[in-house]
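Asks: Take a look at the letters that make up each chain.
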Amino acid sequence: MAINLDFPTVWARWPSFLDGATLTLELALMATVFGGTLGTLCAVGRRSRNSTIASLSGAYVEAIRNTPFLVQIFLVYFGLASLGLKLSAFTVAAMALTINVGAYTTEIMRAGFDAIPRGQIEAAEGLALSRFQVYWHIVLLPAMEKVYPSLTSQFVLMMLASSVCSQISAEELTAVANFIQSDTYRAFETYITIAVIYVVLSLVLRAGFWGLGLVLFPRLRRLGTPL
Amino acid sequence: MSDPTAIVSLKDVHKSFGPLKVLDGVSFSVARGEVMAIIGRSGSGKSTALRCIDRFERIDSGTIEVCGHRVDDPQVDLKALRQDIGIVFQSYNLFPHLTVEENITLAPCSVKRVAKAEAKSLARQVLAQVGLEDKLNSYPEQLSGGQQQRAAIARSLAMQPKVMLFDEVTSALDPELTGEVLKVIEALAADGMTMVMVTHEMGFAKGIADRIVFMHRGKVHEAGTAGILSAPATPELAQFVGTGF
Ligand SMILES: Nc1ncnc2c1ncn2[C@@H]1O[C@H](COP(=O)(O)OP(=O)(O)O)[C@@H](O)[C@H]1O
Ligand SMILES: [Mg+2]
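Chains as they are written, first to last, in the numbering used here: chain W, 1437 to 1663; chain A, 374 to 618.
A portion of the hints provided could be inaccurate.
What the hints assert, rightly or not - Facing chain A, a subset of chain W residues (Cβ under 7 Å, in silico): (1) Gly-1562; (2) Ala-1564; (3) Gln-1569; (4) Pro-1578; (5) Gln-1603; (6) Ser-1605; (7) Arg-1655.
Derived by calculation from the structure, the hints in this document are not laboratory data. A virtual CB, placed ideally from N, CA and C, is assigned to each residue, including glycine.
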């Protein structure tokens, strides 16, 4: 049995692949920034003394963790549409990814917050730092440092899951591939190509997070502890 | 304020954790420049008394006054109160992600809005006071226990508190490292710092404390000058001193 592969036909579309990969990366970066922020705020919320805030954050996490991402995308897409909001597929995809990764970030950051010894916080309070200052200076970065590997893995997973956004025709990498394979009838070659591109994107993201870690956690850099 | 020279004064302070009565009518006061040692068995309420002074715990009844702040008042200005009090714990609690210098400059910069350069020179000054000038750029994990505790004391001193609270600050240290921390506290006492310290170092308490408070079952069971350690008036203190603790 001979496999007849024709990559040149597919690779002739490299500008489309490049556009798709760029959009995927953009989606991933936006969801990392916004989802990371949302998740961190909700992690603070889950530990709040205000039980309404704590249970709202908890409900959000459970709702997201127990439903398929594709369904979440459709809910955002059709939900906003039924409210009369006409947003681009890209915006909807970015929002859905943000909401999704925000829930996982909440759980991860909460574990990080829980790992900060009570004594650290009391020492800071004893120095007259305000509640916000304690969170900002004493809790946030060390908590993030403790869970950084889980956090960055989650963001890489989220980048890969963004492939599902092709379903609402956001022009990311998988949507581009769907189009190219239907145009060239070279499905296998097309998907092998984007599989390799996804691997490269993952490596790029991981390298980026590693570099960011060196900036965020100077102690690890100075003491040579691996991230 | 009833006693104008008192920096810290507790009157009939009661505090329970659930059904457990931990402070049962504690009263004492500390004058400016005075060193008070609180001794007593484990569980007698010593740490709780200190924590109430810094408002880490709220008291059920009684009054606590520190440098003119009514600590028992729910509206007390915590920021102002805690700027007047420095507290050092048994477990150092240096911030692990910050260098020694950053540990020290954090509060002056963010609470008192001291300029960075000024805070840095302040850091050098307090580190000199505890003999750690060369550790400015080290991280806590690079220091020995004794050095970490001295850095923690320096961190408190940088806020220029009016009174220092020490809760068994040498208990987590190997015997050979306790000396270096006690020496720092001695120097502070000689400088006229007002201090309240919970300690198990009887010899040290005897040598440094102007007054000693012996706590037993949530009460001040006996109080007086260091002389009470050699001539206890109550059998409980006699037993406590006799057995070490
Ligand atoms: N936050 C708390 N909740 C419940 N019980 C506590 C708490 N803090 C202290 N206790 C209890 O209060 C008692 C006195 O504790 P503490 O003041 O730490 O004593 P000491 O410092 O003299 O050893 C102990 O029985 C301790 O278990
Ligand atoms: Mg104690």
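Asks: Each hint needs a verdict: does it hold in this structure or not?
Replies: Hints, one by one, checked against the model:
1. Gly-1562: 4 Å, holds
2. Ala-1564: 4 Å, holds
3. Gln-1569: 5 Å, holds
4. Pro-1578: 5 Å, holds
5. Gln-1603: 42 Å, violated
6. Ser-1605: 44 Å, violated
7. Arg-1655: Since the shortest Cβ distance to chain A is 5 Å, the answer is holds.
Hint compliance for this structure: hints 5, 6 are broken, all remaining hints hold.
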